[in-house]
Amino acid sequence: MTDFAGSQYLIEIIYLIASALFILSLKWMSSPATARHGILAGEIGMVLAIAGTLLHHGIIDYKWIIIGLVLGTGIGIPLGMVQMTAVPQRTALSHAFGALCVTLVGTAEFYLRTPNVPKFMMSVLSMEVILGGLTFTGSLMAAGKLQEILPQRPITYKGQNLVNLLLFLVAVGSAVYLVLHPGARIFFPIIVGVSLIFGVLLVIPIGGADMPTVISLLNSYAGLSAAAMGFVLDSKLLIIAGALDGSSGLILSVIMSKAMNRSFSNVLFGAFGQVQASAAGEQEAKPVRSATPEEAAAILLAANKVVIVPGYGMAVAQAQHKVRELYDALTKKGVEVRFAIHPVAGRMPGHMNVLLAEADIPYDRLIEMDEINGDFPQTDVALIIGANDVTNPAARTDQSSPIFGMPILDVDKAHTVMVIKRGMSPGFAGIDNPLYYLERTLMLFGDAKQFVGAIVRELTGGH
Amino acid sequence: MNTNLIDALFVFMLAAFIGFEVIRHVSPLLHTPLMSLTNALDAIAVVGAIVLVGEKKSTFATVLGVIAIVAATSNVVGGFFITDRMLRMFKTSRPTKPQLTKP
Chain A
2 MTDFAGSQYL IEIIYLIASA LFILSLKWMS SPATARHGIL AGEIGMVLAI AGTLLHHGII
62 DYKWIIIGLV LGTGIGIPLG MVQMTAVPQR TALSHAFGAL CVTLVGTAEF YLRTPNVPKF
122 MMSVLSMEVI LGGLTFTGSL MAAGKLQEIL PQRPITYKGQ NLVNLLLFLV AVGSAVYLVL
182 HPGARIFFPI IVGVSLIFGV LLVIPIGGAD MPTVISLLNS YAGLSAAAMG FVLDSKLLII
242 AGALDGSSGL ILSVIMSKAM NRSFSNVLFG AFGQVQASAA GEQEAKPVRS ATPEEAAAIL
302 LAANKVVIVP GYGMAVAQAQ HKVRELYDAL TKKGVEVRFA IHPVAGRMPG HMNVLLAEAD
362 IPYDRLIEMD EINGDFPQTD VALIIGANDV TNPAARTDQS SPIFGMPILD VDKAHTVMVI
422 KRGMSPGFAG IDNPLYYLER TLMLFGDAKQ FVGAIVRELT GGH
Chain B
17 MNTNLIDALF VFMLAAFIGF EVIRHVSPLL HTPLMSLTNA LDAIAVVGAI VLVGEKKSTF
77 ATVLGVIAIV AATSNVVGGF FITDRMLRMF KTSRPTKPQL TKP
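Taken in sequence, the protein lines are chains A and B.
Be aware that the first sequence starts at 2, since it is given in our numbering, and climbs by one per residue.
Be aware that the second sequence starts at 17, since it is given in our numbering, and climbs by one per residue.
Don't take each hint at face value.
Stated by the list, open to error - Away from chain B, derived, C-beta distances all over 12 Å, residues of chain A:
no.	residue
1	Leu-11
2	Gly-77
3	Asn-267
As the list claims (entries may be wrong) - Below, simulated DSBU-like cross-link-like pairs (lysine-lysine); rule was C-alpha separation at most 30 Å, straight line:
no.	chain 1	residue 1	chain 2	residue 2
4	A	Lys-120	B	Lys-107
5	A	Lys-28	A	Lys-159
6	B	Lys-72	A	Lys-333
7	B	Lys-72	A	Lys-28
Claimed, not checked - Here chain A is said to cover these stretches of chain B; the calculated rule only asks that three of the stretch's residues, wherever they fall, bring their Cβ under 8 Å from a Cβ of chain A:
no.	region
8	38-44
9	54-67
10	70-80
11	92-100
Source of the hints: derived by calculation from the structure; they are not laboratory data.
Ideal Cβ positions, reconstructed from N, Cα and C, are used throughout, including at glycine.
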């Protein structure tokens, strides 16, 4: 017995150290200079925690544990090697995996413990599987949309919110019944099943442009479900890790929804798609001015200050490496080039930063919206590559616009605006952009990668 | 049991506040790696699955537990791996070492 108690203490001490390392890991993440220490701290904490757990006195068989660890590693390595453009869907997929783990463990715990489940235990266990279940299927749907296996347009139907609400009430109602009558086994599969369906229905109506908020929210749910699992297993390490992840996801969701000037409930229940039909119709064939790569190159060369505004379109066209060549060519000619990053540009928080960093663009050239907006009046050329709604001046002026009030990059204040775009079709949200009809705006029609490549050839052609 | 529960609630509350304070200061530049890192850390749920499988209390629990271990481990490995890859890409254009000689 004393031996058991001894190893239990050792395990708890190891968990304590691991918890401290996890907190340090996130703390060091605050700046690029220390961020890699953060990973190391996290890795050490993780290895310690897993090794400590293997000392647990209740473990009588290691075979399946090892098989699971090896298989998981085998799946994890390719998931760690995906292209940077695929990071949003990979992230969604990993939220799904995390939630799957939590849901499965919760399910197993229920059947091992029923009917002797105290009320509080049953409440957190229900919370664990409800959050876990809806995060699992919701994240799979999000990953499917991002990978374009599923349509990115919001899928809406009549009474959608009512159906979702009813499902949610069924899940919570069954959970309450189980708390009061922990022997009523039949309600458990109902809770799990309804949560899984609820996750699917919750993400179906959400469009691609809202993905940054949704991914952050699912991140938060995954964390909270893990914290709930910590309560069930009485593991403080899990509670801490879950709480950290939950608060991280929540902060990111708040930042994302603020950057779109929308509330959570509006993102989750107010499918963007519905508003547009009214806004689209009125814009009929206004004149725009377009330019060739040669003209664009000449204007860029004459500029002193250029700000490039990347968006999801740059990611889709895989144009980040060409953009880097453009950055190099212009910098070499003495033009000051910076990048303006809108918080919701792309499909997940920080998406553009990672893509541009992948293309070897120094991160001190990537400037956040609030910091760079004041500089646009002194900017000679704002070059927009695959971004649309985040540059739409209607958000400032047009009260009828669905994006009215959303903070935008003030590109229209630059002396010249150039927009690389495939055609005049409206952006993802289907909202027309008055920026394109300004006198100072030049439309550069074509594929982002090819067009930027053509400009680069013009700039470097003489040498 | 009840004191354990109250303790656990205190731990949760404190950890949530620490999380808010620490993560509020993360540069927006690093939001993507932040998310993949928290994902990897969150996969600490693997410890629950390990105990579940090791205790071999029922075949059902063991099967679910093994799947859970696979899912969580792939998050641990993949999450740390890709976070590291991302961070290695972040370079600055300024000289990395501070210059000792003043002009």
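Verification of the hints:
1. Leu-11: 14 Å, holds
2. Gly-77: 3 Å, violated
3. Asn-267: 21 Å, holds
4. Lys-120(A) / Lys-107(B): Violated: Lys-120(A) and Lys-107(B) sit about 52 Å apart, past 30 Å.
5. Lys-28(A) / Lys-159(A): Violated. Lys-28(A) to Lys-159(A) sits at ~45 Å, over the 30 Å cutoff.
6. Lys-72(B) / Lys-333(A): 65 Å, violated
7. Lys-72(B) / Lys-28(A): Violated, at about 38 Å.
8. 38-44: holds (count 7)
9. 54-67: holds (count 14)
10. 70-80: holds (count 9)
11. 92-100: holds (count 9)
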